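Residue numbers (our numbering), protein chains in the order written: chain X, 186 to 514; chain P, 27 to 382; chain G, 2 to 428.
To be clear, the hints were calculated from the coordinates, so they are not data collected in a lab. Predicted model only: the values in this text are computed from it and were never measured. Each residue gets a CB set at the ideal place from its N, CA and C atoms; glycine is no exception. Don't take every hint at face value.
What the hints assert, rightly or not - Okay, the calculated bits of chain P under chain G, using three or more residues with CB under 8 Å as the criterion:
(1) 81-88
(2) 125-138
(3) 169-182
(4) 330-336
(5) 370-379
To be verified - Straight-line alpha carbon distances no greater than 30 Å define the calculated DSBU-like cross-link-like pairs of lysine-lysine that follow:
(6) P:Lys-248 <-> P:Lys-113
(7) X:Lys-349 <-> P:Lys-113
(8) P:Lys-248 <-> P:Lys-327
(9) X:Lys-349 <-> G:Lys-186
(10) P:Lys-361 <-> G:Lys-186
(11) P:Lys-327 <-> P:Lys-296
(12) P:Lys-184 <-> G:Lys-391
(13) P:Lys-248 <-> X:Lys-349
(14) G:Lys-391 <-> P:Lys-248
(15) P:Lys-184 <-> P:Lys-248
(16) P:Lys-296 <-> P:Lys-248
(17) P:Lys-296 <-> P:Lys-307
(18) P:Lys-248 <-> P:Lys-71
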Amino acid sequence: MINTLERIPWWRDRRVMPWIVQAVVGLVLLVVISLLVGNLVRNLTGAGLLLSWRWLGQPASFDVAESLIPFDASMPYWRALLVGLVNSLRVIVVGLVGATLLGTAVGMASFSSNGLLRRLARVYVEVIRNIPLLLQLLFWYFVVFLALPNGTAAFQLPGVVVSKSGLYLAWFAQGFSWQGPELVNGVWQAPLRLSVEFTALLTGLITYSGAFIAEVVRGGIASVPLGQWEAATSLGLHWSASMRSVVLPQALRVIVPGLNSQYISLAKNSALAVAVGYVDLYSVSETTLNQTGRALEVFLLLLGSYLIIDLLISAVMNGVNQLVQIRER
Amino acid sequence: MQPLPRRLLALPLLLAVALGGCADDSGSGGGVQSVKLSTIRGRGKLVCGVDGKLPGFSFLGPDGTYSGLDADTCRAVAAAVLGDPAKVEFRDLNSSERFAALASGEVDMLARNTTMTLSRDSAGGNGISFGPTTFFDGQGVMVPVASGATTLQDLNGKPICVESGTTTELNLADRMREQGISYTPLKFQTGDQTYAAYLGGRCVAVTSDRSQLAAKRSSFPKPDEHTLLPEVMSKEPLTPASVNGDPAWADAMRWTVFALFQAEELGITKANVAAKVAEAKANTNQADLRRFLGVEGDFGKQLGLPADFVPKTIAAVGNYGEIFERNVGSGSALKLERAQNRLWTQGGLIYSPPFR
Amino acid sequence: MTSLPPRPGSTTTQPLRPASPAPRTVQRSWAGVLRQELFASRGDGLVSVLLILLILASAVGLLRWAFGQAQWAVIQVNTTLFAVGRFPIEQQWRLWLLVVLVAALSGTSWGLLRAFPRADRSGELWPFNDRLAVALLGFLAAWLPAALALGFPLQLRWWAITGLLVAMRWIAGHWGRSWPPRLLKLVSLGWPLLYLFGMVLIAGGLGMSRVSPSNWGGLLLTLLMASFAILLSFPIGVVVALGRRSSLPLLRWSSVLYIEFIRGAPLITLLFLGQNILGYMLPGGWAPDRVWRAAWVLTFFCGAYLAEAVRAGLSAVPPGQLEAARSLGLSMPQALQRVVLPQALRIALPAAVGQFISLLQDTTLLSLIGLLDLLGTARTVMANPEFLGKNAEVYLTLAVLFWCCCAALGLGSRALERRLDPTHSPA
């Protein structure tokens, strides 16, 4: 017995080998990481840029175009970065809602009884998904939105004005009175104004993510057995009614996990704001790096912020997922 | 094949990585004189960081060649060091990465319409070494004539386009704060996007160096519809730079640029430089000219350059006046006035210390 | 939690259309099909009419713009910049040689695929798709150089290259079966060899002068970056996916850390890391050129996403497969290499190709860090006073180019999927 055991070569011994593998991998990782970090520390010390956060309190001395919280150039860097973070969150949240609505609509349209609508949904998805998002953003901003007319020539719909200087929406003004956009001295005024940079970024993100979400929705609906459709139809339900109350609730089980990764990628894609002049977290970080030279700290802040945003989205989507699954039972 | 030997292959790799770490200590000592010059010679090429998208200063044409005042500065240095203005490798750098590229040794020098400032020069700041200023500029503001704006005050509450990562952005914030003007800064990463947004009518004004504004205006479809406000918001001495810690290389670059100034002062041009050299050789009485052109003395050797680096440089790119006129002056589309960039003898700021 | 988005056509199940009967009835008239598809009900009819009007209006608008207002000189004048950036003119013959070699090898491989038919083909030498592809190639060779206003010598070159491709397709298709096995082996080895040789042609070596990466640009840089990252991310993805599923805690946790670190951050911040911080992390002089730094960032970025795709493939392989292989006496690496991975990779293929397509698109981000990829070149071109404000023309051209590349990748992956599917019956 013992003899046969001993004859097993050591590299096939399941008690020894895992430890050797781990030891070797661990050693390699340790050497590589300590090398990288060691160099980083040495070089940054040499340049006088070793990790320090004191600069966060110094005045930023640059302005930002739009901000939900009060800001001016005399305020410290941390405040500027916070402005960027808030702006990022703003575009992410609105983008998530918009992309979900658009994606669901297109995903459902690919099951329409109308052949043209079905094909159009297909074409939309195929066109959008095969063109880089950055290119689309530049196109929306420089070609579409900057070609919009201004002033009196702006596109006017009831409660909405679309012009080169931005999107003007009707909203509750002071005292809950509904107030629409109006032209004052050749400049549009409205209770709710979205800058054209924000609008262009939002449009690009929504149309891009919408195409991916449409595929997730389509996959979800396709996963519902055909019998469910037939059953709903034989009960006398209309197409839209059977979609709404029979198929979609079941499809959600498949859709929700798929949405999670799409939402996270939308959040990360929002960092491309820098290409269309919208002041998001990345844009402020880049300016901060230019002024302070603190590459490592700025990078860590960026990484941490996006990681937290990702985790938040995942947490919420996991909650939603559980909700959907329990209801199904 | 047993799995064991394959795993063993990882060992030499590990060793190499570990040794690589040790090799670093001997290399990063620095401080040796003129390491850069010998690197450039060994490589046979000068690597020069430029903007690449700015007509008049450095601009990539459809044929893949660079033109402009900054590009010619690079060529002048290449002609001086390597004897051939074509031995330049241009690298496009955007404003946020230029100093890192210089510090890491990725480029040998920077001729990227860079403003010389204290914090960029000082060892505690960006720690780079500036040469002689090749273009004296100031920050200005361009507006469409139709807007009717004539002073900064008229821009109150309006969007202004600006390139991010520049001194321009900070100057704008400072001036507006001083005068209590509120405005919306629309920032873009690159100049081309900044002007595209301005031309698209997204902002009422665009701010940058006045030369750059003039250059851009001249390239607009209807230049007459845009005007520069009279206010000069800052001093912008645009200056080539090299990395700190190699004084010999910094000197070689500095005196090559000064040679361009001096040549204009002495009336030596691309066309007549050969004749001037012949004249200096024939006439032993012209001591200044003989020293300048390297016929006499050892200025070149003192700088670590060939003795005839001046005539080679001038033959390659011409003197400063020629470079100016060709790229941004009357010979170019920009049609800029010499103004403060005239020679000191004509009341300008272009001045070379004596070649002595 | 991290399920990957399905790509169209990657599922073998047909999208079901609840409102219309699934099997097509044979031989219906055009009018009948139209009525069924567009005017099945009053509501449908209304929607159809609106959509048709919308499509017509936008098509007319686009055509009028493209042939009336648009000025395509910005593309025509700068073709060389868009294609290869600032690659030295006197060295461009190297790129032409590369194109010729690629055309010859593609033609040969294509022909051999048809000469040795697999389950998915009826064995026809010139199936309809192939005839269509050849027609398309012919059209492109005739139209594209003319549209780009290339000189006659250049037009001639493109005709010759297209002719070579089709000729090799024809030769290999007809006589490929009778070629000696050694030659066939050489062809399959041809692609990796050609890639290496292509790198030499582009970068220099073997007696050819060096062309520095900062002179690569345009389509050349885009394709080079994408192919480099795709090729090298594949082994990374497989190794990390195996590590992630390993029972050894150290391997598992370091893989998880890597994947989550990369996937948690936007690509632009990682490129930022590569450009601004990597230089401090490597010993002096070790830091590669910034083009290569970006290439490595792209590779490690793609590797993490690929690892997730491969992991999904691995978990789809029944555990019994590994157990069976182990009980046959195969060692762990052998079992993985011979039994588990081939199955897992086939399952992971659609997701992996989806990842490659998005990587190709992600190369546009290089323009944000100042590299002259296709988009970066476009931005340089649009800064030229002559072409100021020609945004629409340039962006539209790039969009069409990217669309074609990505769609071709998608088509190729679907064809490969069919070919690798062991259960597939000829349709």
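Which hints, by number, does the structure contradict?
-> 3, 4, 5, 6, 7, 8, 9, 10, 16, 18
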